[in-house]
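S.K.: Sequence:
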Amino acid sequence: MAASLGFRGAASGLWYWSGRRRPVGSLAAVCSRSMASKTPVGFIGLGNMGNPMAKNLMKHGYPLILYDVFPDVCKEFKEAGEQVASSPAEVAEKADRIITMLPSSMNAVEVYSGANGILKKVKKGSLLIDSSTMILQFQKNGKRSEKMGAVFMDAPVSGGVGAARSGNLTFMVGGVEDEFAAAQELLECMGSNVVYCGAVGTGQSAQICNNMLLAISMIGTAEAMNLGIRSGLDPKLLAKILNMSSGRCWSSDTYNPVPGFMHGVPSSNNYQGGFGTTLMAKDLGLAQDSATSTKTPILLGSLAHQIYRMMCSKGYSKKDFSSVFQYLREEEPF
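Everything in the sequence shown is counted per the UniProt record's numbering, starting at 1 for the first residue and increasing by one.
No lab work stands behind these hints: they were computed from the structure. Check the hints yourself; a few may be wrong.
Have a look at the derived ranges for each label pair, beta carbon to beta carbon [what the hints assert, rightly or not]:
(1) S86 / V109: 15 to 25 Å
(2) F70 / R248: 34 to 44 Å
(3) A224 / K143: 41 to 51 Å
(4) C209 / N270: 36 to 46 Å
(5) K38 / R230: 51 to 61 Å
Pairs of lysine-lysine, DSSO-like flavour, derived with a Cα cap of 27 Å [stated by the list, open to error]:
(6) K143 / K78
(7) K147 / K78
(8) K121 / K55
Virtual Cβ for every residue (Gly too), placed ideally from N, Cα, C.
Using the sequences provided together with the hints, build the complete structure.
M.R.: Below you can see the structure in the form of structure tokens.
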């Protein structure tokens, strides 16, 4: 679930419905960029999510021009014959399709608008796809890109590191609809679902709604499992009951937070990897900001935000967000 700018682990979330493909006849209206096929693609941010995403583009035959603030993470790509740039500006100079996967607004400002940022060298007509999670920065980058004659689309992801590795991410895309097919061509190399949501920023809005629900369901699953264990129930039995009953959810049947009985999830690896608690707190903060601006009550979302912020202050910031189970086990009863 979870960007070095090692862009360590930007993004996350889980299940989404699959969007319909655009009819073939509509492709004639799309910029020739979508027909450019195997021309070089720029990729910036090779952290927990960006690394496997870039590798999936390679598997589909796309030559890459890469940049990460931590040069070491580029070594394996360079050894595989891919180009490594010295700055985001150099990436923009050499590629007219660029994907960014960044962990924070500060990183996005530097990569897009910094002294050696993308917008210093971006070519007119270039397609810029940002798969990070940051609403306000999406809107600013979109406007700045438009002024430079480029096309900007937000395409945050759901599915986490596992889905990034297997190429089964869900992309929620916001931007000019006529350019969607050009973005879809690339995103389908990295994901099984690519959904057009509307104007720039709507992809981000869909993603933070998903992650808010994910946080709430994970806390609920952790509380239910903790209550059952303290009441004498075997955790495997309780999980089995939950997953055949109305309480079943992704947090209980696919990403259970209780250590030891589900393989391949962070809870069975001391909560290492996955989607970090800091990133979940950040996304819940974005949900809170959106709720404030739209005057929308999010009572459980606000409480989830408080819980994940408390976890960050008590040493859980680098652990997967499912470590809320461990946090609850270590806390005194409320």
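S.K.: Now look at each hint and say whether the structure bears it out.
M.R.: Results for each hint:
Hint check: S86 to V109, Cβ distance near 19 Å, so the stated range 15 to 25 Å holds. The supplied range of 34 to 44 Å is met by F70 and R248, whose beta-carbon atoms lie about 40 Å from each other. Checked against the given bound of 41 to 51 Å, the beta carbons of A224 and K143, roughly 45 Å apart, stay inside it. For C209 paired with N270, a C-beta distance near 30 Å fails the hint of 36 to 46 Å.
A hinted range of 51 to 61 Å for the beta carbons of K38 and R230 is consistent with their spacing of about 57 Å. The straight-line distance between the Cα atoms of K143 and K78 is roughly 33 Å, outside the 27 Å bound, and the hint therefore fails. Simply put, K147 and K78 have alpha-carbon atoms about 33 Å apart, too far for the 27 Å limit, and the pair is violated. This hinted pair checks out: K121 and K55 have alpha carbons roughly 25 Å apart, not beyond 27 Å.
Going down the numbered hints, you'll see the structure goes against 4, 6 and 7, while the others check out.
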